[in-house]
Amino acid sequence: MNEKTELKIIGKPVPRHDAWEKAFGLTTYADDFSIPGMLVGKVLRSQYPSAKIISIDTSRSERLHGVKAVLTAKDVPRNETVTRFGQTHTMGGGFEGLYRVLADKKVHFMGEAVALVAAETEEIAKTALDLIKVDYQPLPGVFDPIEAMKPDAPQVEEGKSNIITHYEVVKGNIEEGFSEADVIVENTYRVPFVDHAYLEPESGVAWIDENGVITIRVSTQVIEHFRGIADILNLPHNRVRVIGTYVGGGFGGKEDITVETFLALLTFKTGRPVKLAYTREESILCHSKRHPYVMVYKTGAKKDGRLTALQAKLVSDAGAYVYLSPWVLLYSMVDAAGPYQIPHVKVDGYTVLTNNTFTSANRGFGAPQVCFAYESQMGELARRLKIDPLQIRKINYLEKGEALATGQVLEHHVALKETTDKASQGLGEKSSATENKKIGQGIASGMTSYGRMVFLHDTSRSYVSVELDGSVTIRTGIQDIGGGQASSLCQIVAEILGVPLGDIKIYIGDTALTPLAGTTTATRQLYMSGNATLMAAQEVRKTLLKKAGEMMRIDPERLDLVDREVVDTEGSGKSLSLIEVVKACASDGLPLYHVALFKAPFRNLTEYERIEGQVFPDFTFGTHAAEVAVDEETGKVEVLKLISSFDVGRAINPLSAVGQLEGGAIYGMGYGLTEEMIIEKGVILTPSLSEYLLPTSMDVPDVETILIESGDGVGPFGAKGVGEPSVCSVAPAIANAVCDAIGVRIFDLPLTPEKIVKAIKEKKEVR
Amino acid sequence: MKLIKTYTLEININGEWKKAEVSPDETLLYTLREKLGHTEVKEGCGKGDCGACAVLLDGKAVNACLTLALQAHKQKVITLKGIGTPENPHPLQESFVRHGAIQCGFCTAGMIVSAKALLDENARPTREEIKKAISGNLCRCTGYKKIIDAIEEASQKLRRTMNDKR
Amino acid sequence: MEYFSPRTLNETLILMKKWKGKAELVAGGTNVIPDMRARAIKPQALIDISNLKNLSYIKEERKRIRIGGLTTVSELACSKVIQHYVPILSEASNQLGNPLVRNRATIAGNLADASPAADTAVPLLALEAEVLTNQRRVPIDQFFIGPNKTILKKDEIIKEIIFSKPNSNPKMGYFKLGLRNSMAISVVSVAILMEMQEKGCKKARIGLGAVAPTPIRAYRTEEMLVGKEITSELIEACSNEIAKEVQPMTDIRGSAEYRREMASVLLKRLIRKNIERK
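Chains as they are written, first to last, in the working numbering: chain A, 1 to 767; chain B, 768 to 933; chain C, 934 to 1211.
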């Protein structure tokens, strides 16, 4: 297809097909589904963050009328599995992830699952939980990752060091770098546990189908967990089927196994369908959190603002289980120096087990944490050197063709300068201050990867077929978590096959029936499954146009598919209906379908500790600008303006792209101002949405979004991924704005009113 | 096993009278979802912190999770499905879709109910008034902007329709 | 568990007496239902008083305003009478919870729940309201005795809240400091009512929430304001005094220190905003 051809539907803000059914309340989310004879499952959870389990007495529970199963660790065929990471590739590498279904001899965090019940009704299931008697012997725990690194700290997992992994990034000579600096800024930054707080708590229904296949219909970002579920049951992989529902929000919190294994076990043991739905309190208690980090940053620069050196030490709290902590840290390592050209860099990162709630993926995956640090550092340097914040960034920004500190060359467009200009233009002049309020403006730029790490050998598959009547079917294992993952694929197919969107049906998320497309994580689906779908559609198109060419006696190169017709683009006026061509292909035994496999670049990691070379396929670059009004006496922050400018490569659907930027901006604003999962000695003190504060409609500014479309992404039509990048630089933009307003910087998130009042006071005392 | 005493609830949902056997502490949310097939009413938190379960009870927007089923006895409840259907969509539903105000969709039912309650009372809401009306409905995906835009547009559409009818 | 839906107050009282505190009254349900969910209460019966329609009213008399216990917080927020005479009450009502909760929550329920941060209690304290139960009349500053504890007996129900219309040139103000702009439990909330005379005020009443085990009055600070010119020195002195009068605690929303300081800040602002300085 001619690149200069105007695109018909790509780039148009068309309504998503799933939006209509959601508007009418027709979508069957995981908890909306029921099967006759269904049991209700419930989970008994640990009362202590660290304790020995002396005994578990389930006898009374089992005897309760209506209870069909009471399971503990001994009832799980394979209670422990060890992952060497990567859903698609087995790796060694000095760290392993232990997945334990039910606590066995010890509990490692408060809320860890200890037992499962299935009963006829919810009432009976709740009573059954109460009747299980667990005898705990509380043990000392460790709740601070820096403490946990010490040799005498209690071991979270017996026989294993609390330090899961250490990475380093080295470029140049750090001492030399600092010796060349005219100014050095050194600070310690802290960011807290945070919850995904998707509106839909985790839930699912499982049953055994007529072929003996354990079928789990569940709200998940990853249907590929069917393998891990089969492993814990000691079943072959093809005896477990995961059907993914439309997810009511994921953000990384439904990336790991949540309810699936519990459901599989309960249905396996009872032979009956089972539903398991978490309450909100339970969801907060037991699902993964974003990693808290302690980040010690030392940045050196010349008088004119050019960076000479950056040294960082990162320590993240992995909580009680490894999960994705090493990967999250790896992302942080690659992003730690920020999108800047720095001749000398040294980063050391550690991720450490504690008896806190386990931490894992959360939108940004290690990037937001370091972005807060490196963009605050840039803010500090700008202040110290009295250089304009835009200027100091622009003279240091990386450009296309240059390399990160890890050595990865940026092969695609780097839109930092444009997005910074546009974001700050959007900000405009400072609003005038009102009584008690100080106005401040701040910017922050971010670089966030899209696509998974290249040594995971990521792939995606998509099947596109044309029915005999010209309607179109797509089948792909993609999961849709609200970002329009499914509908973008429909738009791509509509473009390539020239059919109206309404003629396309897409089937997603079924390990038995849809080609596997990989995880809906890492901002990878548009890139990976978009490309796979594009490839599949192009193959089908090729077949159709070749046949049409024969029928019309025209060179297929001249033909296009438009509006259910094959047309001659060179104006002969000849055309053929799509259906005629389809029928001709069918009659000739030509395939009217194609399954395409798209591969991300594959690389092999030779060294696991020092990170070098290409880690990610590509990055999305953008800038946030914020204006805040800070009440000096109460410390309350009002965000007056929030501008988000990103290079999205190509906006397949501008409504979706803008939606991600607006939503991501508020997700990041919550991180900056109000959200903190307070965990003290392993106990969550913010157990519900009354205590854990998400931004409400009355807290948000009207986010202004400015899209840049460089066309230079590696996704279909040059698209880049934007789901996670849209979050990372928001909190530091707000932090820089607050600093501008009050004249003093706060080094930890969230920027609560109390912290602001304290900082203002301390600044006055210094004077 | 102790039997829980149940009571017969008579309730009008979206224009239809229905009956269910409910226990005293059963919430309207539970009854709607588990006994009357109205799974369009969502549970996000179960205690009034998120608004996902908003329904109109006698015309007022309330959290179904904070209402006992029996407190809705002989009363009229309207859920998202009573506001509009594929055959007869409400301007709010159309605006939500056209504006991209629906991402994961889990907050949508409650949002549209709150918006409907607003527009029933105030045909010309300002943006501030819209923000206030939905300030009991959390959204984690959209950042609220497109939702507010959609409600604004729907209110304009409704006013035009009203004017056309005159 | 059993359920009752009495039609009259009498029926209600009979039920309450019969169940001797093992039954829970439910009106709006916005506290009772979450408490049951958290298993903080385990009633054997629910007495649903939401159908006692004659307990829901806002009556303006010549000198007083009487509010039926089952009046919803929404009704308080929207009432023209309340907005006109005692806007501190409509403002506080407008910031309680969120619109969905306000449509169900009742004034009696808010008071009976007796959270130290109870939103309607704060202006009602400044208004020196009285709580009328089926047994007695209790001044509101004697109504709360501890966190979630009131003087209500097991067979006692709130019928009405009464207060006098403020007279002679009243100035009043309310401020709620929360960590977000909706669905926020107060970090500190303050209401002030001053009845002015030629020089300064002849009566001052200050109610505060979330700075003590119960919503409180600041008696000493009030006294300081009476009969004097409201100068910036006086305002400063009052804000220092109120910091000593409050007994806040530290919780996840704020430290005791911060709350103490905010009580001062908010009081200062409210006085300045509402009163002219000389």
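If you are wondering where the hints come from, they were derived from the structure by calculation, not from laboratory data. Owing to the predicted nature of the structure, the values given are computational and were not obtained by experimental measurement. Ideal placement from N, C-alpha and C gives every residue a C-beta, glycine not left out. Keep in mind that the hints are not guaranteed to be accurate.
EDC-like cross-link-like pairs, simulated, lysine to aspartate or glutamate; straight-line CA separation at most 20 angstroms [to be verified]:
# : chain 1 : residue 1 : chain 2 : residue 2
1 : A       : Lys761    : C       : Glu1169
2 : C       : Lys1206   : A       : Glu633
3 : A       : Lys761    : C       : Glu1190
If you want the ones that stay clear, here's a sample from chain C, every Cβ over 10 angstroms from chain A, calculated [stated by the list, open to error]:
# : residue
4 : Tyr990
5 : Leu1167
6 : Glu1194
Now the stretches of chain A that chain C is said to cover, found in silico as 3 or more residues with beta-carbon under 8 angstroms [unchecked claim]:
# : stretch
7 : 318-331
8 : 627-639
9 : 683-695
So, going through the hints one by one against the coordinates:
Proximity of Lys761/A to Glu1169/C is assessed by CA-CA distance (about 18 angstroms); at most 20 angstroms being required, the pair is judged to hold. Restraint check for Lys1206/C and Glu633/A: satisfied, since their Cα atoms lie roughly 15 angstroms apart, inside the 20 angstroms limit. For the proposed pair Lys761/A and Glu1190/C, the alpha carbon gap of about 13 angstroms is at most 20 angstroms, so the pair holds. Look at Tyr990/C: its CB is around 30 angstroms from the nearest CB on chain A, clear of 10 angstroms, so calling it non-interface holds up.
No Cβ of chain A comes within 10 angstroms of the Cβ of Leu1167/C; the nearest lies about 19 angstroms off, and the non-interface call holds. In this structure Glu1194/C is not separated from chain A by more than 10 angstroms, as the shortest Cβ-Cβ distance comes to only about 7 angstroms. Note: the stretch 318-331 of chain A has 0 residues with beta-carbon separation from chain C under 8 angstroms; the three-residue rule is not met and the coverage is violated. Evaluation of the coverage hint for the stretch 627-639 of chain A: fulfilled, as 3 residues show C-beta separations to chain C shorter than 8 angstroms, against a requirement of three.
Coverage of the stretch 683-695 of chain A by chain C holds in this model, with 6 residues showing a Cβ closer than 8 angstroms to a Cβ of that chain against a need of three.
The earlier numbered hints that this structure contradicts are 6 and 7.
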